[in-house]
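So the sequence lines, in the order shown, correspond to chains A and B. Position one of the first sequence corresponds to residue 1 (the UniProt record's numbering), numbered consecutively onward. Position one of the second sequence corresponds to residue 1 (the UniProt record's numbering), numbered consecutively onward.
One should not assume that every hint holds.
[Unchecked claim] Which residues of chain B face chain A? A partial, calculated answer using Cβ under 8 Å:
# : residue
1 : Ala19
2 : Val298
3 : Pro299
4 : Asn314
5 : Glu315
6 : Phe322
Quick caveat, the hints were computed from the structure, so don't treat them as lab data. Note that CB positions come from ideal geometry on N, CA and C, so glycine has one too.
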Amino acid sequence: MSSTTGQVIRCKAAVAWEAGRPLVIEEVEVAPPQKMEVRLKILFTSLCHTDLYFWEAKAQNSVFPRILGHEAAGIVESVGEGVTELAPGDHVLPVFTGECKQCAHCKSEESNMCTLLRINTERGVMLNDEQSRFSINGKPIYHFVGTSTFSEYTVVHVGCLAKINPLAPLDKVCILSCGISTGLGATLNVAKPTKGSSVAVFGLGAVGLAAAEGARLAGASRIIGVDLNSSRFEEAKKFGVSEFVNPKDYNKPVQEVIAEMTDGGVDRSVECTGNINAMISAFECVHDGWGVAVLVGVPHKDAVFKTHPMNVLNERTLKGTFFGNYKPRSDLPSVVEMYMNKELQLEKFITHEVPFAEINKAFDLMLKGEGLRCIIRMD
Amino acid sequence: MSNTAGLVIPCKAAVSWEAGKPLVIQQVEVAPPQAMEVRVKIKYTSLCHTDLYFWEAKGQTPLFPRIFGHEAAGIIESVGEGVSDLQVGDHVLPVFTGECGDCAHCKSQESNMCDLLRINTDRGVMLSDGKSRFSINGNPINHFLGTSTFSEYTVVHSGCLAKVNPLAPLDKICILSCGVSTGLGATLNVAKPKKGSSVAIFGLGAVGLAAAEGARIAGASRIIGIDLSPKRFDEAKKFGVTEFVNPKEHDRPVQQVIAEMTNGGVDRSVECTGNVNVMVSAFECVHDGWGVAVLVGVPNKDAVFMTKPINLLNERTLKGTFFGNYKPRTDLPSVVDMYMNKKLELDKFITHRLSFSEINKAFEYMVKGEGLRCIISMED
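In isolation and in its complexed conformation, chain A is listed as follows:
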C-alpha cells in the first residue's frame, strides 16, 4: 500500500450525478491526504437512510455530483502531515461526525458535538483547503458528511476516524459507524435503563432495533416495540422486543395505550422514527416521577414539539441524542470490543450483501423497506 503514498490513486467510486438517479460506478482520482487528513481503503460499506435522504435530495439544496456513503470500515493507506495517532495499516471506522479533542464539546464529558468536525450535510469539500479530493478529468466530485465511503479509496479528516481492534471483522463492524451506534448509544448512554426496567422503542428499523438491543444489554425486563408496520414485529423479537403496539390498532393515543400496559408509563422510551407525533407520544408515555424519554430520529424542518408543561413538571425528563452520544474516537473502539466480547450482537442486523458493482440494489431494498442492513463489499 505504501507505494501509493503521496500519489493520486485511480480507483472505482459510485458517483451520484443527479438526485434520485442510480449511482454510476466510475473511475475517479483520489488525491493524497493533506494536513490532518487520512486516505483509507474502504473494504466494506453499508447504506444508511441518511444517504438515501440526501440522494433523493427532495427538500434541500442538493450538492451533485457527489460520492455518498458514511457507514463503513477500512484500512489506512497513508496519512497527511501532522497525523500521529494513525498509521498505514490501521483498521478504522470513518464517522460522519468527528472529535478534534480540543474544543469545549470534545472536552466535555457529555457532549459529542465537536465544534470543528460536527456533522455538516451541506459541505462537499475538505476543511483544510475547501477543495474536494475526488475528481474525474479534473472536475471535482463532492464529498458527503466528510466520509464518502462509496469509493474504493476516500480521504477523511483524522478526527473522524475511530481506530479499532484489527481482529474485528470489518464486514460486521462497519455498521457501527452510524446507525447501530446511534440507536445503541441512545439507550446505553442516554436513556440508561436500569436492570429490570421497562423500555418503549418507537420505530423498529435498524436504529430502533439497535436501541432495543441496548435495552436488552442493559437487562430491561420489558421492551415494548411501537411501529405502524406489524410485519416488523417478528424480526424485532431477535432484538429483545417482548411486546408490540401498533398505534393503528387503537382509537386512543398510543401514549395512553402504553401507560395502561405499564401501570402509568414506561421507565424509559427511545424515539427512532423522526415523526413529530411519535416524538410527543414517546415523551408522554414515560412514567411520571422518574420517566426519561430520548429522541433520536430527526424530523423535517418545520416540525414543532409540543406538550403540556404539566407533563414536564410531573418529573418526566426529555432528552435528545446525536450519534448515541458516542464520541467517535474515544468511544467507538469500546463498542467494537462489546461485539468482540459477544455482548453486542451484530450479525442479526445484516440481512443482505452485494458486491460494489450492484450498490444500487441496496438503494432498491431500502426504498422498498426490505431488510435492515445491506453490506456492500468493495472487492
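Put chain B on the given structure of chain A with help from the hints.
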C-alpha cells in the same frame, strides 16, 4: 401539652370565608387526630403564593370556608392510632405533599410524588374518613393541601410531616416547608450544576432566589438572574446572582441574549415564573451538548410548551420538578441540617414579621409584590 390528647381543642384560626376577602381570626374546634394522623401546634407560618392563588380562587372551583397555610413549623401535640415514628413534643415541618413510604413513587430513588399523599388542591377533608377536623359551631371548615397552618392547631396525615432537629429555630426553618425547598432542590437535586458552571435563573421571587442560593452552594461561577422587574436585582445579589438580564431591555429573544453572554448557552437553567414563554426561553438558552433546563413554576391550564425538535436532538435536556424533588420525610431534615451547618442561609429570605392577628398584612405585602417571606408568629 399531653393533657389535651384525645380532646377537641378550641383555638384561634384565620378563616377564609370568601374568595379574596380578608381572613377572620376566630375560634375553631380542632378534633383529635384519627388513625395515621397527627395534631400539631403551629408555632410559625408564612405565606406562599399558592395560598394567595387559592384564596383569590379566580380560575378554579372555590372551596370555602377554608383554613389556608402550608408553610409552617410546629410541635406535635398528640398522635393518632398507628403513628409510631412521631411522638408528642417532636419538632415538625408540615408539608403540602407527603410520603407514605409504600407506593412505587416513594420507593423510587428519584420521585417524590407519593401516590397516596401527593398534593391535592381540591380536597378539603382528611383521607381517613372524608371529613374535616375543623369546625365552628358544628359546621365544617375545609382543610387546604392537608396542612391548614393558619391555625394555632392543625391535624395532618403523619406522612406529611418531616421530623426535624429540635435545636433548629422554628421561626426560620418554617420557610423550608415549601417555597425555599422547591427552589433550592430544583437546583441541587435536579439541575445539579457543577462547580464553576454557569446557571440562569428565571424569576427572582422567593423560589427563584432559593434556586440561586442552590447554585451559590453548588459553586456556580456565574448566576444570571432574569426578571422583568429591575428592582429585584439588588436583593438578588445577596443570593449569589452575579449578572442580570431584563428581557424588556432587549429587542431579541432572551435566550439569544443569554447565549451571547455565555458562548453558546448556560450550563443549567432553572425556570421559576410559571410563564410558558419563559419556560421555552429557559430551555432554549442552555448550551447544546450538555445543557439542562429545569422547570419549576406552574403555568395555567391551557399552556403549551413548544420548541423545535432540533433543540432537543442537539443534546439539551429538559426536566421538571415538584417540591425540588425532595421527599418530605426522608429529605427535609437534611435540608434543615444544611441550615444548621451554616451552608444554607435562610435569614435573608425573611423580610417581614407579623403576629397572627395581623395575618392579612402578609397578603397585602404579597399582592403588592413587596418582600420575600413574611413570618407569622402564632403566639403574641
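Cross-check of the supplied hints:
1. Ala19: 24 Å, violated
2. Val298: 6 Å, holds
3. Pro299: Holds. Min distance 5 Å.
4. Asn314: 7 Å, holds
5. Glu315: At about 6 Å, which falls below the 8 Å cut-off, the nearest Cβ of chain A leaves the hint on glutamate 315 of chain B intact, so it holds.
6. Phe322: OK, holds: phenylalanine 322 of chain B within 8 Å of chain A, min 6 Å.
Violated hint: 1 only; the structure is consistent with all others.
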